[in-house]
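Trainee: The listed protein sequences derive, respectively, from chains A and B. Here our numbering is used: the first sequence runs in plain steps of one and ends on residue 458. Here our numbering is used: the second sequence runs in plain steps of one and ends on residue 458.
No wet-lab data here; the hints were simulated from the structure. Remember, it's a predicted structure, so these values are computed and weren't measured experimentally. Treat the hints with caution; some may be incorrect.
Now the in silico label distances, taken between C-beta atoms and shown as ranges [unchecked claim]:
(1) B:Gly-339 x A:Val-358: 35 to 41 angstroms
(2) A:Arg-41 x B:Gly-339: 23 to 29 angstroms
(3) B:Lys-25 x A:Gln-170: 47 to 53 angstroms
(4) B:Gly-339 x A:Glu-138: 32 to 38 angstroms
(5) B:Gln-239 x A:Thr-441: 42 to 48 angstroms
(6) B:Gly-339 x A:Glu-249: 54 to 60 angstroms
(7) B:Gln-239 x A:Ala-182: 49 to 55 angstroms
(8) A:Ala-60 x B:Ala-21: 28 to 34 angstroms
(9) A:Ala-137 x B:Leu-421: 43 to 49 angstroms
We put the beta carbon where it would ideally sit given N, CA and C, even for glycine.
Number of protein chains: 2
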Amino acid sequence: MISETRRTAQLRKAAGEIFQAALDAANPRVAIQRHLQRDGEKLLVNGAIYDLGQGRVYVVGAGKASAAMAAAVEEILGDRVSDGVVVVKDGHSLPLQRIRVHEASHPVPDARGVHGTAAILALLAETRAEDLVIVLISGGGSALLPAPVEGTHLTEKQAVTRELLACGAAIEEINAVRKHCSRLKGGQLARAVQPASCLTVALSDVIGDPLDVIASGPTVPDPTTYQDALGVLRRYELQDRIPASIWRHLERGARGEQPETPKAGEACFEKAHHLIVGNNLQSLLAAQERAARLEFRTLIVTTALQGESREAARALSAFLLEIRRSGIPIPPPACLLFGGETTVTVRGKGKGGRNQELALAGAIAIAGAEDLVIFSAGTDGSDGPTDAAGAVADGETWARAKAAGLDPLRALEDNDSYHFFQGLGDLITTGPTLTNVMDVTLLLAG
Amino acid sequence: MISETRRTAQLRKAAGEIFQAALDAANPRVAIQRHLQRDGEKLLVNGAIYDLGQGRVYVVGAGKASAAMAAAVEEILGDRVSDGVVVVKDGHSLPLQRIRVHEASHPVPDARGVHGTAAILALLAETRAEDLVIVLISGGGSALLPAPVEGTHLTEKQAVTRELLACGAAIEEINAVRKHCSRLKGGQLARAVQPASCLTVALSDVIGDPLDVIASGPTVPDPTTYQDALGVLRRYELQDRIPASIWRHLERGARGEQPETPKAGEACFEKAHHLIVGNNLQSLLAAQERAARLEFRTLIVTTALQGESREAARALSAFLLEIRRSGIPIPPPACLLFGGETTVTVRGKGKGGRNQELALAGAIAIAGAEDLVIFSAGTDGSDGPTDAAGAVADGETWARAKAAGLDPLRALEDNDSYHFFQGLGDLITTGPTLTNVMDVTLLLAG
């Protein structure tokens with residue numbers, strides 16, 4: 013096998029270190045400790061002060077990172093935590109002192125999620141005005157907190173989501189319907205927290221950190237109405253394709269026969285505060301700092317990278333080639349940082365993930381160029397249905413692949429990026445990181 | 013009709029001024045005068061000196077801008093120009109003093125192009141070692157300089173190009189074949205210039221300014237061979253689909269029975285120099301300077317924007333929304349500058365161009381956002397088969413369109429960006445600019 017030139021090997025090593033800085037910043041423990049500090053009987057939250065001496069502290073939450081977030085809260089508040097329940101994805105739990113951890117199914121919700129949600133609601137039924145409820149939210153929280161409205165079943169709610177996805181409805185439209193089929197989403201958890209104070213602590217896995225989208229916004233006002241939800245279903249002509257129980261529920265709501273989701277200005281938000289302790293941007297900023305310390309010129313280009321992975325790869329490769337050519341937008345040694353989440357339209361029969369496919373398409377586009385590296389990985393440590401987080405490619409990947417009997421073009425055509433990079437030893441593997449702030453893509457030019 | 017808010021109107025006006033600076037920098041006269049100066053009997057070219065007292069000066073060239081470039085050379089050198097021939101696209105000629113202008117067909121070459129090319133070759137047959145030949149190259153030069161090899165006809169060459177395009181061959185592959193079917197492309201004009209000195213002055217309309225691609229590189233070494241050309245035709249199984257005369261010619265060449273295109277290091281390049289006087293980057297730099305003077309923070313993001321126009325629009329809109337949200341990559345008031353050339357896959361029956369479609373898809377993506385502007389236009393003053401150069405859109409375009417009875421989504425679906433922006437009075441029209449350094453796209457956030 014041909015080995016990398018020295019400078020390229022250095023760049024690859026640097027990319028790994030820079031990515032590690034992004035991961036460290038998204039570590040739930042680090043993220044929460046950066047924003048929450050205890051000072052005796054006071055909890056300091058980015059300048060705001062909560063008096064812990066007055067009432068009890070409850071911790072609830074859901075999401076892939078919520079056990080790790082709960083552990084960090086226990087570390088800070090210790091025995092001041094009275095009780096708590098968090099729901100996590102299977103395999104994402106941690107041993108905790110006072111907060112109970114429920115495992116449930118993700119991305120398809122199951123009965124265990126319903127039970128976990130019921131445990132949270134039971135806990136919140138006890139709250140008093142002097143209490144503080146800390147709500148820990150992270151990616152996956154929506155599926156892990158299923159709470160079908162009365163008279164409907166979990167599988168009926170799922171059927172609606174499936175129909176909406178199949179007809180190409182926008183995520184905002186899907187959420188308008190989902191929030192009105194749930195007893196918790198769209199701000200309704202904030203109602204359940206009343207009369208206590210409500211501090212939402214979130215790790216964002218959504219572009220732009222919209223609080224009403226992360227985990228379906230259980231503690232923020234919902235701008236949409238029952239009428240909107242019915243309008244969406246009518247627009248896609250789904251009246252006859254969704255369960256009758258759901259349709260009846262939405263119609264009753266539209267007639268004012270049951271309460272709307274809470275709107276901005278409602279009483280339940282008077283004692284509600286929100287804090288995003290980790291997101292893609294904070295991770296990119298940490299990565300940028302590390303890159304600067306490694307003596308790269310740096311630029312965070314966007315945290316909104318999206319679209320088809322191989323198309324994004326083409327645009328990113330054009331960036332790299334232009335840095336080499338003209339030093340635009342910054343001259344080498346350069347590190348451009350991108351965040352976001354691309355998607356793969358699967359056409360082949362291979363194995364891979366969005367980050368691995370991006371790296372593969374990038375390797376093809378920069379083949380033969382000197383000292384250019386593309387590094388792309390998911391901060392949750394997983395990329396598609398593989399055990400890798402992503403992959404790293406450079407201008408020599410093409411030649412090394414050919415020498416090893418691997419065909420980059422065929423691998424791309426067959427969506428087989430995993431086996432391609434496995435064959436080269438260029439997969440990035442971190443194991444589960446218990447966090448998720450989307451993907452990080454690094455472009456390095458030496 | 014709803015009118016724009018004041019700040020948005022200011023941003024749109026600023027975008028127009030910034031684009032004008034890009035156009036000014038690409039103006040052939042300005043571009044040439046920036047790089048070529050006369051000092052008595054000396055011609056100063058970016059530090060190099062040509063002694064005009066020794067021999068004659070000839071000017072030849074081809075491309076959409078070559079008459080305007082020739083006018084600039086006449087202005088500088090006056091009666092020191094002995095003779096000259098340039099070939100331009102129909103409607104792109106200018107009255108000149110000493111240099112003859114031939115009009116010919118573009119993009120499909122015709123017999124007038126063949127005659128113009130013959131006139132150039134006749135002129136170059138007279139050159140002596142003490143002479144200087146200035147070769148003026150700009151976009152379109154390849155089609156305007158047709159010189160089929162002996163025993164083949166223009167239409168046969170065209171048939172080959174058509175077959176290669178139809179089977180999806182890469183531009184490098186197409187050029188390898190075309191250069192070996194021509195008596196001028198791929199460095200062969202440099203041979204014809206011998207024994208005189210050869211100064212190529214180019215306006216680049218290609219991403220990355222590859223001199224061997226602009227106008228098919230008539231004065232630079234050709235890295236490809238007859239064998240390569242045959243390999244391309246075999247790879248796409250075109251042996252039986254191309255004219256027999258062309259195949260025979262390539263086989264004779266591969267057997268060494270006729271001269272190869274000149275390679276790097278050959279004598280004909282010893283007295284050859286090249287100068288790119290205008291390109292997308294130089295225009296973006298001028299535009300950036302103007303934007304900075306208008307008190308925007310500025311960043312040239314890339315000169316390699318490409319891909320499907322509406323996909324590019326989505327990525328660019330994400331940039332704008334992120335500037336509004338988090339000040340990444342630069343906070344408002346911000347002007348991001350992009351260059352390149354996107355493409356439209358026509359599916360509808362409407363009228364439009366790549367820049368207009370990009371602006372339309374952008375208007376949809378940023379609908380409702382405050383004080384964001386997307387301005388996109390071709391520096392040649394034309395965009396698709398329309399009389400507009402491009403269009404300007406902002407966060408209020410959607411609402412203004414709705415109020416005017418225009419449907420943005422339907423217009424995009426039908427590739428009908430021209431009538432959409434015509435209805436809003438938001439087309440950009442410059443008329444023919446007699447230059448081309450690809451497109452300029454500006455993103456402004458106030």
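Trainee: Hints first: check each against the structure and report whether it holds.
Mentor: Right, here's what the structure says about each hint:
1. B:Gly-339 x A:Val-358: 35 to 41 angstroms: Holds - the Cβ-Cβ distance for Gly-339 (chain B) and Val-358 (chain A), about 36 angstroms, lies within 35 to 41 angstroms.
2. A:Arg-41 x B:Gly-339: 23 to 29 angstroms: Because 28 angstroms falls inside the window, the suggested range holds.
3. B:Lys-25 x A:Gln-170: 47 to 53 angstroms: holds (52 angstroms)
4. B:Gly-339 x A:Glu-138: 32 to 38 angstroms: violated (43 angstroms)
5. B:Gln-239 x A:Thr-441: 42 to 48 angstroms: 44 angstroms Cβ-Cβ, so the 42 to 48 angstroms window holds.
6. B:Gly-339 x A:Glu-249: 54 to 60 angstroms: violated (42 angstroms)
7. B:Gln-239 x A:Ala-182: 49 to 55 angstroms: With a Cβ separation near 53 angstroms, Gln-239 (chain B) and Ala-182 (chain A) satisfy 49 to 55 angstroms, so the hint holds.
8. A:Ala-60 x B:Ala-21: 28 to 34 angstroms: The hint (28 to 34 angstroms, Cβ to Cβ) is violated, given that Ala-60 (chain A) and Ala-21 (chain B) are roughly 40 angstroms apart.
9. A:Ala-137 x B:Leu-421: 43 to 49 angstroms: About 47 angstroms separates the Cβ atoms of Ala-137 (chain A) and Leu-421 (chain B), which means 43 to 49 angstroms holds.
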